[in-house]
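In the order they appear, the protein sequences are chains A and C.
FYI, in full-length UniProt numbering the residues of the first sequence are 1 to 201.
FYI, in full-length UniProt numbering the residues of the second sequence are 1 to 201.
Wrong hints could be hidden among the right ones.
Just so you know, same-sequence chains aren't split out, so a pair can sit in one copy or run between any two.
[What the hints assert, rightly or not] Below, simulated DSSO-like cross-link-like pairs (lysine-lysine); rule was C-alpha separation at most 27 Å, straight line: (1) 169 with 128; (2) 38 with 19; (3) 196 with 39; (4) 39 with 128; (5) 39 with 19; (6) 196 with 37; (7) 38 with 128; (8) 19 with 169; (9) 169 with 39; (10) 128 with 37; (11) 38 with 169; (12) 196 with 169; (13) 19 with 37; (14) 196 with 38.
Hint data in this document are derived by calculation from the structure and do not stem from the laboratory.
Note that this is a predicted model, so its numbers are computed, not measured.
Number of protein chains: 2
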Amino acid sequence: MSKRIAGPEIERLIQLLAKVPGLGPRSARRAALHLIKKKEQLLGPLAAAMAEALDTVRICSTCGNVDTCDPCTVCTDARRDPATLIVVEDVADLWALERAGAINARYHVLGGTLSPLDGVGPEELNIKALVDRVAAGGFGELILAVNATVEGQTTAHYITDQLDGLGVKVTRLAHGVPVGGELDYLDEGTLAAALKSRTTF
Amino acid sequence: MSKRIAGPEIERLIQLLAKVPGLGPRSARRAALHLIKKKEQLLGPLAAAMAEALDTVRICSTCGNVDTCDPCTVCTDARRDPATLIVVEDVADLWALERAGAINARYHVLGGTLSPLDGVGPEELNIKALVDRVAAGGFGELILAVNATVEGQTTAHYITDQLDGLGVKVTRLAHGVPVGGELDYLDEGTLAAALKSRTTF
Ligand SMILES: [Zn+2]
Ligand SMILES: [Zn+2]
């Protein structure tokens, strides 16, 4: 703002809200104003929830998930299949797969993908812990649920090499047409992969 | 989420973030994850800024603006023209007009518009304080910068009636504000032009 129209506390709140994914500078102002108007109902509870998260959230030392306990809720869930391990790049992918509700497995969060140009080597990712987990035994299948990007596939290849000889079956997500997706809007690579993996109707 | 995959503290953070304007349930999850990953750089400072705002933000007893002091930064700014008063529906409109930077005046925030069907009468708005402010003298012009909606115009007429005989010139924003448009969504150029061409009400 060209002129000072509010105390620095409000300006700072707006500046920080603008850094939240999904909010830009303009929506940060709207959000700040809404929070201020809903002091008791929203601003207070949200400030408390953030302080609570700040205090309690940690990274699971087993799988790399974020939670308020270590090992995390997923790792300590006895009803999950202990023989299937899904490897994901990011906690967001773990959450997405859980929302899909398609499988009842354990997870391992890599924390990114190999990217030599960005200085991300195997040591920067949660790979050694993955190999140790698999080497400890008990997993029959490891599903590489990494993104279908060059970096994701490079990382998948690297992990497969590291797991060689550990006796675990390594699989990956099928490529194909997204459910509800229109062929028209898909890239050629996806279409080619979907054709190649076609199934009997 | 179908299954418990994180502690209740994280679920609660996501639920509250989903109530922030601009964020929905899905972007709230992304935002929560981003905040958790940036604990030191973003989550901590944002939690502190919210707690600070919660403690310090109040409504200006003179004009209805929100700020951390009362009277507010705008009301106590001696460089502002003390003879021109801009009446707005909402603090967001005050902020939008200030961003336009087209005028250096005082403000009065109504806190809404007359809407009998929603039970919003003159007593629910900051109108009596406006009349008292004008009656106290010193204002040569009152600019009705309300939205170009039926409610906004009804409110403008009501206020004009209340100010009758107080010897203040009442103007309104020029056409140039799209009919049905809300000030907060307009670009600075349009707002500046509308202010410049304001007409007698
Ligand atoms: Zn875990
Ligand atoms: Zn004020």
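Item to check | Index of numbered hints that the structure contradicts, given in increasing order | outcome: 3, 6, 8, 9, 11, 14
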